[in-house]
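Chemist: If you want the building blocks of each chain, they are given just below.
There are 2 protein chains.
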Amino acid sequence: MSKCSSMSNQCLINKAEDEQIDLVWDRYEKMKPLCGFGEKGICCRICMKGPCRIDPFGDGPQEGICGANADTIVARNLIRMIASGTSAHSLHGKEIAKTLLKVGRKTSETYSIKDEAKLKTVAGKIGITTENKDIYQIAEEVAYKSLQDYGRIEEDACSWLRNTVTPMRMEKLQNLGIAPNNIESSVTDIMSRTHVGTDADPVNLLLAGLRCSIADYTGMQISTNLSDVLFGTPEPVISEANLSVIKEDAVNIAVHGHNPLLSEIIVDVVDEMQKEAIDAGAKEGINIVGVCCTGNEVLLRRGIPLASNYLSQELTILTGALDAMVVDVQCIMPSVSKIADCYQTKLFTTMPDAKIPGAEHLELHDADARDNAKNIVRQSIEAFKRRDTSKILIPKEKNKVIAGFSPESIVNLLGKIDQEKPLRPIIDNIVNGNIRGIVLFAGCNNVKITQDHNYITMAKELLANDILILATGCGAGAFAQNSMMNSQATTDYAGENLKSVLTLLGHEAGLEAPLPPVLHMGSCVDNSRGVDLAVSLANELGVDLNQLPLAASAPELMSEKAIAIGTWVTGLGIPAHIGLMPPVDGSPLVAGVLTSGLKDITDGYFIVEPDPTEAATKLIEVIEKKRAALNIPSKIKERV
Amino acid sequence: MSKCSSMSNQCLINKAEDEQIDLVWDRYEKMKPLCGFGEKGICCRICMKGPCRIDPFGDGPQEGICGANADTIVARNLIRMIASGTSAHSLHGKEIAKTLLKVGRKTSETYSIKDEAKLKTVAGKIGITTENKDIYQIAEEVAYKSLQDYGRIEEDACSWLRNTVTPMRMEKLQNLGIAPNNIESSVTDIMSRTHVGTDADPVNLLLAGLRCSIADYTGMQISTNLSDVLFGTPEPVISEANLSVIKEDAVNIAVHGHNPLLSEIIVDVVDEMQKEAIDAGAKEGINIVGVCCTGNEVLLRRGIPLASNYLSQELTILTGALDAMVVDVQCIMPSVSKIADCYQTKLFTTMPDAKIPGAEHLELHDADARDNAKNIVRQSIEAFKRRDTSKILIPKEKNKVIAGFSPESIVNLLGKIDQEKPLRPIIDNIVNGNIRGIVLFAGCNNVKITQDHNYITMAKELLANDILILATGCGAGAFAQNSMMNSQATTDYAGENLKSVLTLLGHEAGLEAPLPPVLHMGSCVDNSRGVDLAVSLANELGVDLNQLPLAASAPELMSEKAIAIGTWVTGLGIPAHIGLMPPVDGSPLVAGVLTSGLKDITDGYFIVEPDPTEAATKLIEVIEKKRAALNIPSKIKERV
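So the sequence lines, in the order shown, correspond to chains V and C.
Convert by adding 20 to the 1-based position in the first sequence; the result is the number in this note's numbering.
Convert by adding 20 to the 1-based position in the second sequence; the result is the number in this note's numbering.
Derived by calculation from the structure, the hints in this document are not laboratory data.
Here the structure is a predicted model, which means the values were calculated and not measured.
Check the hints yourself; a few may be wrong.
Because identical chains share one entry, a pair is satisfied inside a single copy or across any pair of copies.
Taking lysine-lysine pairs in the DSSO-like style, the calculated list, with each CA pair at most 27 Å apart, reads [unchecked claim]:
id	residue 1	residue 2
1	Lys-118	Lys-134
2	Lys-35	Lys-295
3	Lys-480	Lys-35
4	Lys-655	Lys-138
5	Lys-638	Lys-418
6	Lys-645	Lys-165
7	Lys-165	Lys-295
8	Lys-416	Lys-405
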């Protein structure tokens with residue numbers, strides 16, 4: 021079969037149909053009609069008297085068997101989603117912290133500290149002195165103090181929360197009783213209070229959800245920062261994105277999931293094994309590609325090309341040229357196991373808490389991580405030999421990506437302009453209106469929305485209105501795949517003022533071209549980087565986060581992690597757009613609190629708007645109102 | 021209205037119908053037909069691509085939109101239930117431990133150590149020396165070490181697990197990797213691995229559920245033991261049970277929920293306030309009654325009569341004579357708020373994590389617990405004055421209850437026979453066959469089963485077959501309400517051999533009558549007491565728990581806590597009967613592991629049998645097979 025000439029992934033979807041392979045879109049169609057009770061959040065399966073369902077039309081039951089009404093049921097279900105999202109992000113961070121602890125105790129055989137400067141910065145951030153301590157001692161203390169955030173007995177707020185938000189925000193969180201002292205307790209609190217016959221007050225439940233979401237934020241700070249210590253803080257790097265990064269003449273290995281602990285090692289061992297691959301007939305040797313957020317992790321730190329974000333993960337196998345998919349945790353469709361069986365593709369699971377029937381499980385233990393990584397690469401080479409070349413179909417379209425915009429790298433870059441106050445150029449341009457504001461795009465893909473469509477539509481509108489965009493996770497994947505993370509995109513999409521700023525900054529920073537208009541900040545746990553940047557700007561301006569001309573958007577949200585992130589965004593005072601209604605509209609009360617009532621509590625709130633053009637308009641309005649409130653030039657007079 | 025002459029609660033149910041008040045049974049009827057997907061566990065609401073439903077007949081989708089099949093979906097849903105149950109029990113224990121920490125630090129204004137001997141025993145159990153330490157230091161160390169079980173960073177197993185099971189069992193749990201080092205981590209582990217795209221392996225998921233359930237057991241040990249330290253270890257006490265304990269001429273206050281922290285204080289302040297009540301016209305003063313497990317807590321320690329277990333909690337208000345219901349956490353139907361509104365009844369919520377719209381929230385803080393308790397009693401007296409006496413209807417039937425059979429009290433009692441080896445009389449009688457075995461009844465009521473029917477039917481059958489019964493939680497409530505916890509019950513229901521043993525033991529222990537055939541061990545967290553007794557017997561015999569002629573039963577299970585308990589029972593190697601199918605039969609694989617495959621892993625397993633007579637027959641068979649395997653007289657030859 022010849023290479024596909026299509027611009028899109030549609031050719032692979034057609035191929036799946038020819039081969040009678042069900043993809044996520046097919047399963048979605050077959051699942052219709054979806055259960056309306058579940059979609060509205062008014063299905064309760066919390067005890068065995070039921071399940072119960074509230075009639076949304078008011079004709080049937082308005083209370084569950086225990087007497088819980090729609091408000092209680094919706095709030096409970098929602099905060100259990102936050103509890104899961106928080107657990108997922110936070111245990112990712114805990115794995116990293118445990119690894120750093122091993123490194124500090126010199127018991128790791130595999131890992132080391134790649135970024136000593138970051139380690140010292142991090143130590144300072146959480147109140148650990150570094151004088152007269154060697155790097156191992158600092159690492160041990162940082163890891164241990166980070167791990168204490170997961171199990172603190174005393175009531176002080178988490179170390180990783182206290183100094184990473186503005187002082188005003190911290191005070192507000194503490195006054196509201198939603199500054200957690202312990203990440204894992206904030207999860208068990210939810211699972212306990214949602215037990216049958218416990219908390220029935222929807223507002224009280226939502227406050228517990230807010231507290232848990234702040235714990236989610238805390239866990240994400242740990243994940244990001246300690247990953248940087250172990251694997252390096254991202255600096256701008258040039259790479260490519262799209263399924264086209266899979267090479268017909270290479271042994272292709274996809275790393276997929278979220279946790280960089282094993283993928284980093286795989287990237288490390290590949291060099292030693294190139295010859296084996298070439299000997300096996302792969303002219304271009306071994307080609308690692310990324311999927312989902314593990315993809316983002318290795319893109320940012322190693323320049324590994326990104327093959328796909330969440331929704332099209334199955335298509336990587338459909339190319340017929342993927343020899344192995346190595347997965348860690350989160351957002352791995354179990355379907356990949358069955359689809360891999362239709363090809364030569366080997367599927368490897370690597371984490372004890374994420375096995376998939378049909379996959380080969382090669383667990384990541386520190387002691388044998390390198391051996392297992394080599395084993396995986398070797399088996400991938402064997403799989404390459406089994407390829408049915410007649411089944412290969414790789415889309416052509418490639419997109420250049422400039423990624424790696426950690427706050428540190430932005431400061432480094434801008435420091436070339438003003439070494440004393442590196443953020444000054446951004447602040448000056450926000451104040452003078454060349455940059456109207458900033459929107460952080462995060463979150464997933466959802467099969468209910470044409471893949472990446474909302475991201476791209478919204479971004480074009482916002483950029484044209486001189487709004488700078490930051491992106492993480494599958495949002496970043498969407499922009500990378502759609503050629504919006506390179507200098508050409510600035511030329512193509514940025515409004516005149518934003519374009520001139522990005523061109524100037526690119527020039528002053530010693531680049532030959534404009535900065536991209538969408539800055540890739542990392543995987544979905546790296547939303548903490550967006551906060552770091554915002555907190556730096558707010559502190560520099562002497563304001564709180566809610567006052568900045570700043571908003572967040574998850575226009576294609578899908579996972580419980582996205583619910584957790586969206587919630588802490590509002591908890592930090594930032595408006596959060598979401599592109600589809602989460603399962604809350606069975607309770608006008610809960611929906612009202614989230615979209616409006618929250619303003620009086622945390623200053624943040626949700627904006628639910630499925631239409632991406634409308635959504636962009638709303639965010640522009642939010643930003644202009646925030647500008648007006650700051651008394652900086654605004655296109656409207658009304659303040660928020 | 022005159023007093024009801026009915027033997028049952030049916031008169032109050034009729035009254036509710038007359039007054040057009042919906043009760044739990046009405047809401048159940050209105051909810052029918054229940055959602056079959058939910059009942060079978062094959063509904064997935066874990067991400068926002070769905071909700072998804074697996075077609076149990078095989079015609080429609082066999083996979084969710086992500087590709088997860090019924091096995092994965094059922095296992096995920098089930099272990100999230102375990103996570104909630106574990107959180108509920110464990111945070112109860114954590115509250116108690118935090119209170120003990122305050123007492124130890126001399127910062128509590130309300131609580132003190134009531135049982136110093138138990139504190140010292142407990143210290144020894146978790147490896148804390150007591151020599152040269154005052155009681156406060158011991159309390160602080162015990163509390164702190166208990167709290168470490170909630171957040172341990174290192175990998176050692178929880179302190180409260182290590183020495184409370186048999187050495188053989190501990191080794192087995194550790195070899196299986198299901199001996200938790202940290203209670204709360206075992207919950208977040210579940211919430212993380214069940215996140216979309218993480219663990220898809222049903223067996224791996226179930227193992228995580230097992231580990232979490234062992235954490236549940238650990239948290240229950242903490243709850244029970246530290247409650248005993250603060251409030252006293254139960255000793256046999258005589259009281260009464262049924263709605264009839266509500267008195268027409270008294271200010272009636274029901275304490276309802278699970279955590280004794282506030283109810284104990286309410287009982288304390290009542291004496292000071294009797295005069296106020298009498299002055300208000302309540303000839304019999306203030307009458308505290310118990311509902312659910314808070315009821316069991318104060319029954320065991322203070323002899324407070326038990327008005328109701330879970331399912332009939334609403335009827336306490338329907339009597340028209342309940343002036344206040346004071347609730348803490350868990351198993352409180354939100355419906356009580358609406359029903360209380362139809363009467364003078366004041367509803368008070370007292371815990372920050374359990375509010376109910378319509379209730380007055382008077383939070384329990386150590387500093388003002390007594391003031392709040394008095395406030396509650398005073399408002400109850402005011403409510404008494406507002407009573408509509410024409411609406412009073414109190415069932416007549418009262419049942420004598422002998423409760424308070426902690427393992428310590430059993431040892432004290434039997435110590436009168438053999439001071440050296442107090443458990444010897446039980447062991448000897450088990451060995452000679454006068455006691456064939458022991459069944460621990462636990463768990464809830466469920467509206468799907470005629471209230472208490474399964475408990476009573478099974479117990480009569482088992483007792484007639486010379487099987488001794490222990491009971492906790494709403495199971496104990498069922499037996500208390502149905503007159504099976506007194507000496508007459510031994511005469512009425514025990515088989516000849518068991519009767520003679522109970523009569524002899526009662527006599528030798530200095531009682532005037534036989535011991536009751538069903539021993540009330542406490543609230544549902546006090547299932548740990550059943551384990552303590554079983555572990556003592558096993559250690560004395562030099563066998564593991566799975567070898568004892570012992571089984572557990574939750575014949576009317578309802579809550580997620582019951583799922584957690586049932587699971588750890590099997591984890592400890594003990595067969596667990598349940599009287600209705602939990603939401604797992606959408607996956608024959610998961611159902612098969614739980615009812616059969618587990619035997620090869622932990623020796624324990626679930627027996628699902630809705631028919632109580634059949635269930636009793638099956639448990640008798642289990643016990644006789646265990647006897648055969650121990651080479652002690654058995655009615656069958658086959659061994660398990």
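Chemist: Next, verify each hint and record whether it holds.
Modeler: Comparing the hints with the structure gives:
Taking the shortest alpha-carbon separations for Lys-118 and Lys-134, only the intra-copy value of 16 Å comes in at or below 27 Å, while the best inter-copy value is 41 Å. For a Cα distance limit of 27 Å, the shortest separation of Lys-35 from Lys-295 qualifies neither inside one copy, at 33 Å, nor across copies, at 85 Å. With identical chains, the CA atoms of Lys-480 and Lys-35 are never at most 27 Å apart, being 31 Å at best within one copy and 66 Å at best between copies. In this assembly of identical chains, Lys-655 and Lys-138 lie within 27 Å of each other by CA distance neither inside one copy nor across copies; the values are 40 Å within and 72 Å between.
In this homomeric assembly, Lys-638 and Lys-418 never come within 27 Å of each other (Cα to Cα): the closest approach is 32 Å inside a single copy and 66 Å across copies. Taking the closest pair of Cα atoms, Lys-645 and Lys-165 never come within 27 Å of each other, the shortest separation being 40 Å inside a single copy and 53 Å across copies. In this assembly of identical chains, the alpha carbons of Lys-165 and Lys-295 never lie at most 27 Å apart, being 44 Å within a copy and 55 Å across copies at closest. Only within a single protomer do Lys-416 and Lys-405 lie at most 27 Å apart by alpha-carbon distance; the minimum there is 23 Å, versus 83 Å between protomers.
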